[in-house]
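A.B. asks: Chains R and P, in that order, give the protein sequences.
All residue numbers for the first sequence refer to our numbering, where the first residue is 1 and numbers rise by one.
All residue numbers for the second sequence refer to our numbering, where the first residue is 1 and numbers rise by one.
Do not rely on the hints blindly, as some may be mistaken.
[What the hints assert, rightly or not] Using C-beta positions, here's what the derived DEER-type ranges look like:
1. Ala61(P) / Gln51(R): 10 to 20 Å
2. His65(P) / Ala141(R): 37 to 47 Å
3. His65(R) / Thr74(P): 27 to 37 Å
4. Gln51(P) / Glu180(R): 19 to 29 Å
5. Asn121(P) / Ala119(R): 44 to 54 Å
6. Ala143(R) / Ala166(P): 47 to 57 Å
7. Pro103(P) / Glu126(R): 53 to 63 Å
[Claimed, not checked] Derived pair list, reagent style PhoX-like, types lysine-lysine, alpha-carbon separation capped at 25 Å:
8. Lys167(P) / Lys154(P)
9. Lys59(P) / Lys46(R)
10. Lys46(R) / Lys59(R)
11. Lys3(R) / Lys167(R)
12. Lys158(P) / Lys59(R)
13. Lys46(P) / Lys59(P)
14. Lys59(R) / Lys46(P)
15. Lys46(R) / Lys46(P)
16. Lys167(P) / Lys46(P)
17. Lys158(P) / Lys127(P)
18. Lys46(P) / Lys158(P)
19. Lys154(P) / Lys107(P)
20. Lys167(P) / Lys59(R)
21. Lys107(P) / Lys158(P)
22. Lys59(R) / Lys59(P)
23. Lys167(R) / Lys59(P)
24. Lys127(R) / Lys158(R)
25. Lys107(R) / Lys127(R)
26. Lys107(R) / Lys154(R)
27. Lys167(R) / Lys154(R)
28. Lys154(P) / Lys127(P)
29. Lys3(P) / Lys107(P)
30. Lys158(R) / Lys59(P)
[Said to hold, decoys possible] Computed far set for chain R versus chain P, every beta-carbon distance over 12 Å:
31. Pro77
32. Pro81
33. Ala143
34. Asp159
It should be emphasised that the hints constitute simulated quantities derived from the structure, not laboratory data.
Virtual Cβ for every residue (Gly too), placed ideally from N, Cα, C.
Letter by letter, the chains look like this.
2 protein chains.
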Amino acid sequence: MSKIVDFYFDFSSPYAYFAVDGIEQVAAETGATCRWIPILLGPAFKASGNQLLVTQPLKGAYSRHDWDRLGRMTGIPYAFPDPFPVATIAAARVFWWLDSLDPAAAKGFARAAFAAYFAHNRNIGEKSVVADVAAQCGHDAAAALAAMDDPAFKARCKDETDAAIAKGVFGSPFFMIGDEGFWGSDRLPMVRRWLESGGW
Amino acid sequence: MSKIVDFYFDFSSPYAYFAVDGIEQVAAETGATCRWIPILLGPAFKASGNQLLVTQPLKGAYSRHDWDRLGRMTGIPYAFPDPFPVATIAAARVFWWLDSLDPAAAKGFARAAFAAYFAHNRNIGEKSVVADVAAQCGHDAAAALAAMDDPAFKARCKDETDAAIAKGVFGSPFFMIGDEGFWGSDRLPMVRRWLESGGW
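Based on the sequences and whatever the hints tell you, model everything.
C.D. replies: Here it is, written out as C-alpha cells:
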C-alpha cells in the first residue's frame, strides 16, 4: 500500500490546528509521508450541506467549549480568534507558492499561519498579515503578496479544493490514505492503525 | 467529583451501538457508574438544526462506509439495517419501564434491542418486535406492550429527551460527566481521561 497520508485542512479550522502535531507524529512513527493540502471549506460545505460549527445551536456552544478544552488538554497554545472564521484563500495560495519551491517550507509556513491565527489572534484573512507571516518564516514578503494574485496559485488552490470534494472531503481536518477517508482530529488513532496494518 | 457518566443515545444510532461496550469498559476501569439514557434524536436534531447523517451529501456516504469499517475493526456484529432509521419511541418507553424496576434489566434490554436492529436487521420501530426483544430478555411481552402506552413511560421518555436537550445534548452517543459534555464514540478516550483526572 502507499505509505502516504493526505492531510486536508482549512487554515481557519481549530480542529485542524489541533491535529497538526498529531498527524505528523503518526506519519513519522508509521514511516509514512504526510502531504498537507490546504483547501477552502466554503465550497466543501456548499457541496455537503454542512454549516459553520459556531453558528449552529447547541453544537456551536459545544465546539467553542471543546476547543478551549482541547487547548488545555494538549498544551497547544490556543485562544478563540476574533474575527472567526476568516477567508483563508490568501494563506492557501501562499502555501501552494512555497510548496512549488519546497514542500517543507510550505509546511513551516502553514504552522506559522495556524499559530498566528489561533495562538496570537492575528487576522490571517488579511493579505498583509499573511505576507508578514511568510516573512517571519524567511520568505520575501513582496513575493508572497505577488503569489496571492498569481493565476497559477489561484488555479492550484481551486483545483485542490475541487479535487478534494470529488474525493469526498467535506470537513477539516480530513485525512486520506489512498481512497480511504477519515474525518476529524479524533480519528488519528484509526489513521495510525490503518497505516500500520494496511487497512481492514 | 461525581463518578457518574451519563450515556445518551438513540436506539437507531449506529455510533451509539458501537459505543456500548466502550463506555461500560471506561466506567468499569475508572470506578464510575454509567447511566444509560435513551432519547429521541428527532427533537434533538430539531433543536440543533442537525440532520440525519445518511441523507447528507458526501457525509452520508462517508458514514455508511465508516460504520462498516468500525464493524470490521471492532468485531462487533453489524449490518446496515433496512429500514433506516426507525422510530425508537417504543424501545425507549420499554427501557424506562424496565429501568423503573431494575436498571440492570433495562441495560440488558437495550443491548438486545441494539443487537436486534444492527446485528439481526429486526425492525425495532415495530411494537411487536420490541415486545419480542423484551420477551427474549425474560420479560413479559404483554407487559412490555402495555408499557409502550403507559402515560408514565411516555412522559418519562419525553422528559428525558427535553432534559437532555436543555443540557446541550444534540447527537448520539453523547456522554456527560456532571455538566461536561462529550459528543461521539471517538471521544471515549477523553471521557476516560476526564473520569480519571477529575477534569482540566
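A.B. asks: Confirm or reject each hint.
C.D. replies: Structure-based check of all given hints:
1. Between alanine 61(P) and glutamine 51(R) the Cβ separation comes to about 19 Å, which falls inside the hinted range of 10 to 20 Å.
2. Taken as a hint, the range 37 to 47 Å holds for the pair histidine 65(P) and alanine 141(R), whose Cβ atoms sit roughly 44 Å apart.
3. Distance hint for histidine 65(R) and threonine 74(P): a CB-CB separation of about 29 Å, consistent with the stated range 27 to 37 Å.
4. For the hinted restraint 19 to 29 Å between glutamine 51(P) and glutamate 180(R), the CB-CB distance of approximately 25 Å keeps it satisfied.
5. At about 50 Å, the CB distance of asparagine 121(P) to alanine 119(R) agrees with the hint of 44 to 54 Å.
6. Take alanine 143(R) and alanine 166(P): their Cβ atoms lie about 54 Å apart, and the range 47 to 57 Å holds.
7. Range check, proline 103(P) to glutamate 126(R): Cβ separation about 56 Å, and the 53 to 63 Å hint holds.
8. With a CA separation close to 20 Å, the supplied pair lysine 167(P) and lysine 154(P) stays within the 25 Å bound.
9. Simply put, lysine 59(P) and lysine 46(R) have alpha-carbon atoms about 12 Å apart, close enough for the 25 Å limit, and the pair holds.
10. Taking the CA atoms of lysine 46(R) and lysine 59(R), the gap is near 19 Å; set against the 25 Å cutoff, the hint holds.
11. Of the supplied pair hints, the one linking lysine 3(R) and lysine 167(R) holds, its CA atoms being roughly 18 Å apart against a limit of 25 Å.
12. Restraint check for lysine 158(P) and lysine 59(R): the C-alpha separation of about 21 Å stays at or below 25 Å, so the hint holds.
13. Of the supplied pair hints, the one linking lysine 46(P) and lysine 59(P) holds, its CA atoms being roughly 19 Å apart against a limit of 25 Å.
14. Between the alpha carbons of lysine 59(R) and lysine 46(P) the distance comes to roughly 12 Å, so the proposed pair stays at or under 25 Å and holds.
15. With a C-alpha separation of about 21 Å, the suggested pair lysine 46(R) and lysine 46(P) falls inside the 25 Å cut-off, and the hint holds.
16. About 15 Å separates the Cα atoms of lysine 167(P) and lysine 46(P), which keeps this hinted pair within 25 Å; it holds.
17. The straight-line distance between the Cα atoms of lysine 158(P) and lysine 127(P) is roughly 18 Å, inside the 25 Å bound, and the hint therefore holds.
18. Between lysine 46(P) and lysine 158(P), the direct Cα distance comes to roughly 14 Å. Compliance with the 25 Å bound is thereby established for this hinted pair.
19. Note on lysine 154(P) and lysine 107(P): the hinted pairing holds, with a Cα-Cα distance of about 18 Å set against a maximum of 25 Å.
20. At most 25 Å may separate the alpha-carbon atoms for a hinted pair to count; lysine 167(P) and lysine 59(R) meet this at roughly 12 Å.
21. The suggested pairing of lysine 107(P) with lysine 158(P) holds, with an alpha-carbon distance near 19 Å, which does not exceed 25 Å.
22. Simply put, lysine 59(R) and lysine 59(P) have alpha-carbon atoms about 17 Å apart, close enough for the 25 Å limit, and the pair holds.
23. Distance hint between lysine 167(R) and lysine 59(P) is fulfilled; the C-alpha atoms sit about 12 Å from each other, no more than 25 Å.
24. For the suggested pair lysine 127(R) and lysine 158(R), the alpha carbons sit about 18 Å apart, so the restraint of at most 25 Å is met.
25. Under the criterion of a C-alpha separation no larger than 25 Å, the hint pairing lysine 107(R) with lysine 127(R) is consistent with the structure, at around 19 Å.
26. About 18 Å separates the Cα atoms of lysine 107(R) and lysine 154(R), which keeps this hinted pair within 25 Å; it holds.
27. Under the criterion of a C-alpha separation no larger than 25 Å, the hint pairing lysine 167(R) with lysine 154(R) is consistent with the structure, at around 20 Å.
28. Distance check on the hinted pair: lysine 154(P) and lysine 127(P) sit about 14 Å apart at the alpha-carbon level, within 25 Å; holds.
29. This hinted pair checks out: lysine 3(P) and lysine 107(P) have alpha carbons roughly 19 Å apart, not beyond 25 Å.
30. Distance check on the hinted pair: lysine 158(R) and lysine 59(P) sit about 21 Å apart at the alpha-carbon level, within 25 Å; holds.
31. Distance check for proline 77(R) against chain P: the nearest CB is about 16 Å away, which clears 12 Å, and the non-interface claim stands.
32. At roughly 22 Å, the least C-beta separation between proline 81(R) and chain P is larger than 12 Å, which holds for a residue marked as non-interface.
33. Chain P leaves alanine 143(R) outside its interface by the beta-carbon criterion, the shortest separation being 36 Å against a cut-off of 12 Å.
34. Its beta-carbon lying about 18 Å from the closest one in chain P, aspartate 159(R) satisfies the requirement of being farther than 12 Å from that chain.
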